[in-house]
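Build the full structure now, drawing on both the sequences and the hints.
Here this note's numbering is used: the first residue of the sequence shown is -7, the next is one more, and so on.
In short, the hints are calculated from the structure, not lab data. Wrong hints could be hidden among the right ones.
[Unchecked claim] Straight-line C-alpha distance at most 20 angstroms; calculated DMTMM-like pairs for lysine to aspartate or glutamate:
1. 34 with 63
2. 203 with 63
3. 217 with 241
4. 203 with 240
5. 86 with 107
6. 83 with 37
7. 83 with 53
8. 217 with 240
9. 267 with 240
10. 279 with 234
11. 83 with 63
12. 267 with 250
13. 279 with 241
14. 99 with 177
15. 267 with 234
16. 86 with 31
17. -1 with 37
18. 34 with 15
19. 279 with 37
20. 83 with 182
21. 203 with 192
22. 203 with 177
23. 86 with 177
24. 99 with 110
25. 86 with 63
26. 99 with 37
27. 34 with 57
28. 19 with 31
[What the hints assert, rightly or not] Pairwise CB distance ranges, derived in the manner of DEER restraints:
29. 136 with 205: 40 to 48 angstroms
30. 176 with 23: 37 to 45 angstroms
31. 141 with 265: 20 to 28 angstroms
32. 108 with 134: 41 to 49 angstroms
33. 31 with 95: 18 to 26 angstroms
34. 261 with 186: 26 to 34 angstroms
35. 143 with 265: 18 to 26 angstroms
36. 37 with 124: 32 to 40 angstroms
37. 62 with 256: 42 to 50 angstroms
38. 95 with 252: 29 to 37 angstroms
39. 185 with 268: 23 to 31 angstroms
40. 134 with 261: 44 to 52 angstroms
We put the CB at the ideal spot given by N, CA and C, even for glycine.
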Amino acid sequence: MSTSDPKPAKKKRTRTLPPPYNELDGKRWIQNSISVWSDIRKSTEEGRLKHPAIFPEMLVERLIETFLPLDGQVILDPFAGSGSTVITAEKMGKTGIGVELSAEYAKIASRRLAELTETRDETDTDQAQGTQSRIHHGSALNLAEYVTPGSVDLCITSPPYWNVLNQRRSADHKEVRHYGNHDQDLGVIEDYNAFLDELDRVFSQVLAALKPGAYCCAIVMDLRKRSRFFPFHSDLASRLQEIGFLYDDLIIWNRQAEYNNLRPLGYPSVFRVNKVHEFIVLMQKPKQ
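Encoded structure:
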């Protein structure tokens, strides 16, 4: 009976996973990947701030946990408003940098940031590290004065909604909240294309401030002025691609729960859509 050498055992193939981008586990990754976010709510404090275009810290936190890389630290908001981005970044142990044109809202944001840092528990070492978060009272058109090129890991912002905040809200007829009339306020520009041109100037500086591969999340709503519809989210995305961003994706922020007094727009002569959602336009700086 002949003998033969035993066949060598087959080597098990192992799959080498790429390094994780963020701290999300698989379950949370799937939840955040759903293209419509319907569970975002404002806190009681945010409801009292009376900013005409505030977005909740809950939304900022989700964007940070999703789009900030593991080693990321600096988060920028060139239209800081009452400070949602900067405050949330600070709470998460990151460095938030905000620029706000309105003296009133820059003061509110600075006060909120000061109160947060003063009351923080000094024994919480993860949160007590000096993050150097700050609010600058100034114009987003001069963004380069406040940030170093290639220093920002993530931008989360909501640019002005053209000049529609000076009009009565059509969906539920709520009163106008005037945001400001500063000569550098993009929200008072009458011509739509001129408004987009000024946004180009701002986001060109955002692009320069971002690190290669970093994301910019722009929260916007499409607009209507009387009979004319303006697809703001797609116009903005096209403009940002022209200046060098990559259009990565789009998330819908469903805000229907906030609109509890809807009217039949245009009834009975012309049908109009009640807009109860916003878009989160996901742009990315090229990696190379």
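Hints versus structure:
1. Annotation: proposed proximity of residue 34 to residue 63 is violated, straight-line Cα distance about 28 angstroms (limit 20 angstroms).
2. Taking the CA atoms of residue 203 and residue 63, the gap is near 12 angstroms; set against the 20 angstroms cutoff, the hint holds.
3. Our distance criterion of 20 angstroms between C-alpha atoms is broken by residue 217 and residue 241, whose separation comes to about 27 angstroms.
4. Distance hint between residue 203 and residue 240 is fulfilled; the C-alpha atoms sit about 16 angstroms from each other, no more than 20 angstroms.
5. For the hint linking residue 86 to residue 107, the alpha-carbon distance of about 16 angstroms falls within 20 angstroms, and the restraint holds.
6. For the hint linking residue 83 to residue 37, the alpha-carbon distance of about 15 angstroms falls within 20 angstroms, and the restraint holds.
7. Distance check on the hinted pair: residue 83 and residue 53 sit about 9 angstroms apart at the alpha-carbon level, within 20 angstroms; holds.
8. With a C-alpha separation of about 29 angstroms, the suggested pairing of residue 217 with residue 240 is violated against the 20 angstroms cut-off.
9. As the CA atoms of residue 267 and residue 240 are separated by approximately 24 angstroms, the hinted pair breaks the 20 angstroms bound.
10. With a C-alpha separation of about 17 angstroms, the suggested pairing of residue 279 with residue 234 holds against the 20 angstroms cut-off.
11. Only pairs whose Cα atoms come within 20 angstroms are accepted, and residue 83 paired with residue 63 is accepted, the gap being roughly 17 angstroms.
12. Taking the CA atoms of residue 267 and residue 250, the gap is near 11 angstroms; set against the 20 angstroms cutoff, the hint holds.
13. Under the criterion of a C-alpha separation no larger than 20 angstroms, the hint pairing residue 279 with residue 241 is consistent with the structure, at around 16 angstroms.
14. This hinted pair checks out: residue 99 and residue 177 have alpha carbons roughly 17 angstroms apart, not beyond 20 angstroms.
15. Proposed proximity of residue 267 and residue 234 is contradicted: the alpha carbons are some 28 angstroms apart, above 20 angstroms.
16. For the given pair, residue 86 sits about 24 angstroms from residue 31 by alpha-carbon distance, which is inconsistent with the 20 angstroms threshold.
17. The hinted pair formed by residue -1 and residue 37 fails the criterion: a straight-line CA distance of about 71 angstroms is larger than 20 angstroms.
18. A threshold of 20 angstroms between alpha carbons decides the hint, and for residue 34 with residue 15 the separation of about 24 angstroms lies outside it, so the pair is violated.
19. For the proposed pair residue 279 and residue 37, the alpha carbon gap of about 38 angstroms is over 20 angstroms, so the pair is violated.
20. With a CA separation close to 38 angstroms, the supplied pair residue 83 and residue 182 exceeds the 20 angstroms bound.
21. Distance check on the hinted pair: residue 203 and residue 192 sit about 18 angstroms apart at the alpha-carbon level, within 20 angstroms; holds.
22. With a C-alpha separation of about 27 angstroms, the suggested pair residue 203 and residue 177 falls outside the 20 angstroms cut-off, and the hint is violated.
23. Only pairs whose Cα atoms come within 20 angstroms are accepted, and residue 86 paired with residue 177 is rejected, the gap being roughly 28 angstroms.
24. This hinted pair checks out: residue 99 and residue 110 have alpha carbons roughly 16 angstroms apart, not beyond 20 angstroms.
25. A threshold of 20 angstroms between alpha carbons decides the hint, and for residue 86 with residue 63 the separation of about 11 angstroms falls inside it, so the pair holds.
26. Distance check on the hinted pair: residue 99 and residue 37 sit about 16 angstroms apart at the alpha-carbon level, within 20 angstroms; holds.
27. For the given pair, residue 34 sits about 18 angstroms from residue 57 by alpha-carbon distance, which is consistent with the 20 angstroms threshold.
28. A hinted pair counts as satisfied when its Cα atoms are at most 20 angstroms apart, and residue 19 with residue 31 qualifies at roughly 16 angstroms.
29. A beta carbon spacing of about 21 angstroms between residue 136 and residue 205 contradicts the range 40 to 48 angstroms that was offered as a hint.
30. A hinted range of 37 to 45 angstroms for the beta carbons of residue 176 and residue 23 is consistent with their spacing of about 39 angstroms.
31. With their beta carbons about 41 angstroms apart, residue 141 and residue 265 fall outside the hinted range of 20 to 28 angstroms.
32. Between residue 108 and residue 134 the Cβ separation comes to about 26 angstroms, which falls outside the hinted range of 41 to 49 angstroms.
33. The beta-carbon spacing between residue 31 and residue 95, approximately 34 angstroms, falls outside the hinted interval of 18 to 26 angstroms.
34. A C-beta distance of roughly 32 angstroms is found between residue 261 and residue 186, which places it inside the suggested range of 26 to 34 angstroms.
35. A hinted range of 18 to 26 angstroms for the beta carbons of residue 143 and residue 265 is inconsistent with their spacing of about 41 angstroms.
36. Residue 37 and residue 124 have their C-beta atoms about 24 angstroms apart, which leaves the hinted 32 to 40 angstroms range violated.
37. Residue 62 and residue 256 have their C-beta atoms about 49 angstroms apart, which keeps the hinted 42 to 50 angstroms range intact.
38. Between residue 95 and residue 252 the beta carbon distance is about 33 angstroms. The supplied range of 29 to 37 angstroms therefore holds.
39. Between residue 185 and residue 268 the beta carbons are some 27 angstroms apart, a value that agrees with the proposed interval 23 to 31 angstroms.
40. Between residue 134 and residue 261 the beta carbon distance is about 46 angstroms. The supplied range of 44 to 52 angstroms therefore holds.
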